[in-house]
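Q: These are the residues of each chain, in order.
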Amino acid sequence: MKIGLFIPCFINELFPHVAMATLELLESLDCEVDYPLQQSCCGQPLANNGDSKGACDAAKRFTDVFHQYDYVVAPSGSCVSHVTHHYDWYIADNRDYQQLKPKVYEIIEFLQDVLKLEKLPKPVYFPHKVSIHQSCHGLRELHHASPSELMMPYHSRLESILKLVDGVEVALPERRDECCGFGGTFCVDEPELSTAMGEDRIAQHEATGAEFIVGADPSCLMHMGGIIRHQGKTIRPLHIVEILTGRGAAA
Amino acid sequence: MKDDSVKHPQAAAEFLKDRAQAKWHDSAIWWVRQKRDAQAKQLPEWEELRRLAREIKAHTLSQLDDYLAQFEANAQKNGVTVHWAADADEHNRIVHDILAARQVKKLVKSKSMLTEECGLNPYLEQRGIEVVDTDLGERIVQLRHEAPSHIVMPAIHLKKEQISELFHKELGTEAGNNDPTYLTHAARANLREHFLTADAGLTGVNFAIAETGGVVVCTNEGNADLGTSLPPIHIASMGLEKIIPKLEHLGVFTRLLARSAIGSPVTTYTSHFHQARPGGEMHIVIVDNGRSDILGNEDFYQSLRCIRCGACMNTCPVYRRSSGFSYSYIIPGPIGSTLGPSRDMKKHGSMAFACSTCGSCSNVCPVKINLHEQLVLHRKKAFDQNLLPTGKKMGLLAMRFLTQHPALFDLGGKVMRKVVPIIPESLTRHSAWSRAGRDLPPMPAQSFKEQYQQRSQNKKDKQDKKDKEEQQ
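Protein chains in written order, with this note's numbering: chain A, 65 to 315; chain B, 5 to 476.
Please note that a few of the clues may not be correct.
Listed below are the simulated BS3-like cross-link pairs for lysine-lysine, each with C-alpha atoms no more than 30 Å apart in a straight line [unchecked claim]:
#1 A:LYS165 / A:LYS66
#2 A:LYS193 / A:LYS66
#3 B:LYS470 / A:LYS117
#4 B:LYS385 / B:LYS372
#5 A:LYS124 / B:LYS418
#6 A:LYS66 / B:LYS470
#7 B:LYS173 / B:LYS27
#8 B:LYS464 / A:LYS66
#9 B:LYS350 / B:LYS11
#10 A:LYS297 / B:LYS422
#11 A:LYS167 / B:LYS372
#12 A:LYS124 / B:LYS397
#13 A:LYS227 / B:LYS45
#14 B:LYS39 / B:LYS27
#15 B:LYS397 / A:LYS117
#16 A:LYS66 / B:LYS466
#17 B:LYS385 / B:LYS397
#18 A:LYS117 / B:LYS385
#19 B:LYS351 / B:LYS422
#20 B:LYS351 / A:LYS117
#21 A:LYS186 / B:LYS464
#22 B:LYS372 / A:LYS117
#23 A:LYS165 / B:LYS39
#24 A:LYS167 / B:LYS384
#25 B:LYS163 / B:LYS39
#26 B:LYS173 / B:LYS39
#27 B:LYS27 / B:LYS372
Keep in mind the hints are simulated off the structure, nothing from the lab.
The task is simple: from the sequences and hints, build the whole structure.
A: The structure is reproduced here in structure tokens:
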């Protein structure tokens with residue numbers, strides 16, 4: 065089983081520790097992981113701003129770089145969702161893409177659905193209260209959890225995988241799945257509104273008494289982190305793979 | 005009337021200056037969303053209802069011409085006069101002609117977003133006809149000379165203190181009396197006066213049933229019923245997408261409508277109108293006003309399934325924090341942000357970007373319109389029509405180029421990581437990222453790609469060394 069590691073562009077530049085944690089986690093689960101150096105951006109920022117040509121070229125490039133792998137795995141629900149849910153807008157007739165599409169996984173999905181992970185490769189003790197940040201695309205496009213709008217039985221991938229960690233206490237914020245306000249370039253198109261949304265979201269996470277905001281999307285964590293640092297708050301954003309690899313406390 | 009030149013980011017920033025008011029607005033509307041959740045949860049068949057509603061509407065839209073013809077024929081059989089209006093102007097002219105021919109001086113109107121869309125009130129007022137909106141919220145915004153800020157709760161942007169002040173000025177209520185019951189009674193007494201003296205009543209239409217030729221109007225205040233049973237003339241204005249095929253389909257929508265809109269199990273009054281009251285006359289004006297263009301567009305035709313419940317607004321984190329007035333089109337929020345740009349991209353293009361694409365609107369929509377996706381599709385149109393700000397377009401073109409050239413992309417990233425930490429804070433403070441109160445993330449010394457390459461090299465060196473040692 066050969067895995068192509070897909071590290072979205074901003075994670076590559078700004079959150080290399082999240083990428084490294086993902087790589088190490090997969091390797092410690094005996095996966096053969098390759099990180100193709102020719103990858104760049106999946107094209108989501110281009111698509112979201114209406115640049116169809118740019119989005120189409122990016123989709124083709126992604127397909128060329130990754131289509132020969134058995135699986136493609138990434139630590140960002142939003143980017144994975146763009147590949148699996150929106151490339152059809154641009155390259156629906158590309159046969160390589162159609163073969164690749166069902167093989168592209170967000171890391172938590174991959175651990176749970178493909179590797180059927182029942183225990184962590186090495187035991188992790190994380191004696192902290194965490195508030196789960198359910199990022200929108202992971203939630204509503206990848207169905208990582210049951211969105212509060214839909215009338216369906218409750219489930220949450222993040223919550224269930226955190227059960228494998230010793231000592232962790234999981235909390236859900238009020239308005240359990242409201243957007244943090246990042247929204248790609250929305251955060252710079254509408255900075256005042258985006259920041260107001262982020263402030264409200266952080267306050268809801270803080271109200272749980274949690275020490276960490278834990279999510280599976282570095283972009284939302286980056287946005288809330290920017291506000292947290294600006295306001296000198298103590299709650300800290302943390303990507304879930306950092307907890308699963310036992311790096312969480314040190315991050 | 006709405007100001008077409010409103011640009012969402014600036015209007016939202018303005019609204020957010022009074023953070024306390026904005027927070028109040030957000031919680032007031034979120035409360036309605038929670039009521040909707042509680043109601044939806046009580047129906048085990050909720051998702052099934054949504055699926056059915058979507059399918060009934062999709063089917064109807066696929067044969068809309070047939071159903072409209074059937075509706076017209078059946079309405080005529082009931083003695084109703086049916087008019088067709090290609091656009092807002094024609095709608096207003098038809099309504100005015102009916103009223104003028106009968107020397108109508110005063111028209112009582114139940115809330116209708118279509119007449120807001122057509123600008124009917126100013127049209128009639130300019131021609132000497134008094135128009136009184138009779139839905140309480142709509143009456144409040146009418147007295148303030150404002151447009152509705154929400155399609156179901158037109159005055160949700162106002163606190164009771166503001167309404168008390170307005171009523172004191174306009175209706176002579178006691179100054180400083182903020183008691184909602186007192187204020188409601190005052191409005192009711194005033195409206196009753198208008199109902200009794202009006203010469204004609206106009207209602208919107210929530211559903212028009214092809215099979216029976218009847219229209220259905222849903223209100224919580226009974227104002228449509230008073231406005232159609234007291235005066236002798238009833239005009240019903242409807243968008244051509246309001247058709248459903250049969251009476252038996254109605255239950256699906258009425259079960260969804262009130263629950264989605266305000267979180268109550270039913271609307272207080274669901275009134276069916278099939279013919280004029282004895283001695284009176286009834287007219288139905290069927291309005292296109294751009295709808296058939298939308299119907300012909302494969303990306304956006306789904307928006308015609310909308311039953312105007314407003315649930316997408318109540319769930320939208322952007323709408324709740326920026327209010328209806330930050331949107332340029334008469335219908336705000338997610339559904340307005342697809343309808344507005346469909347009508348006029350140049351005027352309403354900024355609405356398509358007033359969205360973090362969180363997708364909550366699409367999930368809450370009782371007829372399952374892919375709202376958040378439609379907004380992204382509108383952005384494609386905006387990009388293609390060269391309507392993006394120049395700076396943004398240049399940025400995207402640069403990104404497009406770099407995406408195809410990973411080595412340059414990496415170099416760009418490296419430069420950013422090295423340069424950002426040494427830029428003085430005074431220069432970044434006013435950037436779009438920082439100006440509203442966000443610090444930049446710390447810049448790591450190395451990218452993951454660099455770390456990975458180094459890691460691979462170290463592994464290789466180790467292996468080479470091991471191989472060498474083994475050879476010796």
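Q: Quick check: which numbered hints come out false for this structure?
A: 2, 3, 19, 23 and 26
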